[in-house]
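Number of protein chains: 2
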Amino acid sequence: MTATPHRHFDDALAQLKDRLLQMSARAQDALDRSVRAVLARDTAAADLVLDEDSDIDSLEIEIEETVTNLLALHQPMARDLRLLLAALKISNDLERVGDHAVNISISAKRMTEGRMIAPEPELVEMGRLAREMLAAAIDAFVRGDADAARAVCRQDDQVDALHRSMFRILITHMAEDAHTIGAAMELFLVSRNLERVADLATNVGEDVVFLVEGKTIKHGVGRTP
Amino acid sequence: MTATPHRHFDDALAQLKDRLLQMSARAQDALDRSVRAVLARDTAAADLVLDEDSDIDSLEIEIEETVTNLLALHQPMARDLRLLLAALKISNDLERVGDHAVNISISAKRMTEGRMIAPEPELVEMGRLAREMLAAAIDAFVRGDADAARAVCRQDDQVDALHRSMFRILITHMAEDAHTIGAAMELFLVSRNLERVADLATNVGEDVVFLVEGKTIKHGVGRTP
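First to last, the sequence lines map onto chains Y and F.
In this text, residue positions in the first sequence follow our numbering: the first is -17, and each later residue adds one.
In this text, residue positions in the second sequence follow our numbering: the first is -17, and each later residue adds one.
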């Protein structure tokens, strides 16, 4: 058997999925470290996230170039075309996850300076859920599994509810003790960033459903402030 | 003269740019109304934004379909290919602007219930700047003007500085009077959403520079929490 152009395209596609998995693993690590930086006041973890964000950015640029080249070289049709465009969107979403981890790390660094308030279990749970959703969404993309993708989208409501709880809890803290206002605002930002990561994972899930089934289930999310 | 495939592609491209301009105009209107809803406690303006967000979402889906079809039908190379991919990203950014306007409108509606604090001139200026940047970025895309796009990116620092001012001002309000905490948190969310709109306009500007000059100037932004 000789290598056909189609065979070459399939190899390139497998390689592209592999790069997306790598990028996703980096984004998840960054997210973990940023949440740990907040909870354990771990400045070194925060600095690592800030230092390594450019690696995630580079992976996005690499994936963009790969997709552009594959489009120009193979001029794929129908499902292959949609797969490449989805990969482009997903790499963009992962880059944004990296930015949220950076934002959380910056909050973590600012919080080591001021008065601390107890880290809320809600925040721990949000971090865990956001990371899990992200991993599951990318996995659903790589396997082309619409059911798994739909399950990710359903989890988004849980994260939104946790974010609303955080809002109420932090307002109570601030009202009871004005000295906690600075830290509470930072924790609110952290919560908001985690909620956005869950939204991005949901976006990926929606893209996977569209890719596999051709159905648009978008735009039911992103409404929690 | 008969219509050549290339002629047809150029027409389709002009039409696509026209749709992006329409989408941008809708996103700018939504942004304007949402800021007015906050400043004038105008619930009707907020409701209009919530009602009309699905129109912006529909435009995004339409643009995605148009780009996918153009890619499959004309299999464009080099600059045309990059132009189509940029249009896809920009429509995604504009849809996100619409979501930020929705978030701001939801804050506006919640703020009519609680205690009011004086709308800050910083917020007015942020709304004006974010809208102006967005309009200029889309205009730069349509005209392929890298200098204009670069000017948009430079404005982002102003919006970031205003957002940091808002943070300090609102913390002061909250510390002085615990009754303002709810409203201050909402205004902080509004400020954050406007700052994100300016980031999205900057993303568009960066995409235009890349498109015109082939230079990546990305990933210098998005670091303000």
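Hints are computed from structural coordinates only; laboratory data are not their basis.
Check before you lean on any hint, since a few could be wrong.
One-sided excerpt, in silico: chain Y residues whose CB lies under 10 Å from chain F [as the list claims (entries may be wrong)]:
(1) -9
(2) 7
(3) 71
(4) 124
(5) 163
Quantities reported herein were computed from a predicted structural model and do not represent experimental measurements.
By construction, the Cβ of each residue, glycine as well, lies at the ideal position given by its N, Cα and C atoms.
Review point. Was the hint right that residue 124(Y) lines chain F, CB cutoff 10 Å?
Key: 21 Å, violated
key: Hint validity - residue 163(Y) Cβ closer than 10 Å to any chain F Cβ   = 5 Å, holds
Query raised in the report: Once the shortest beta carbon distance from residue 7(Y) to chain F is found, is it less than 10 Å?
Result: Interface hint status for residue 7(Y): violated (19 Å vs cutoff 10 Å).
Holds or violated: is the Cβ of residue 71(Y) closer than 10 Å to a Cβ in chain F?
Because about 7 Å separates residue 71(Y) from the closest Cβ in chain F, which is inside the 10 Å limit, the hint holds.
Per-residue hint verdict: residue -9(Y), partner chain F, C-beta under 10 Å: Check failed: Cβ of residue -9(Y) comes no nearer than 14 Å to chain F, outside 10 Å.
This entry does not satisfy hints 1, 2 and 4, going by the numbered hints stated previously.
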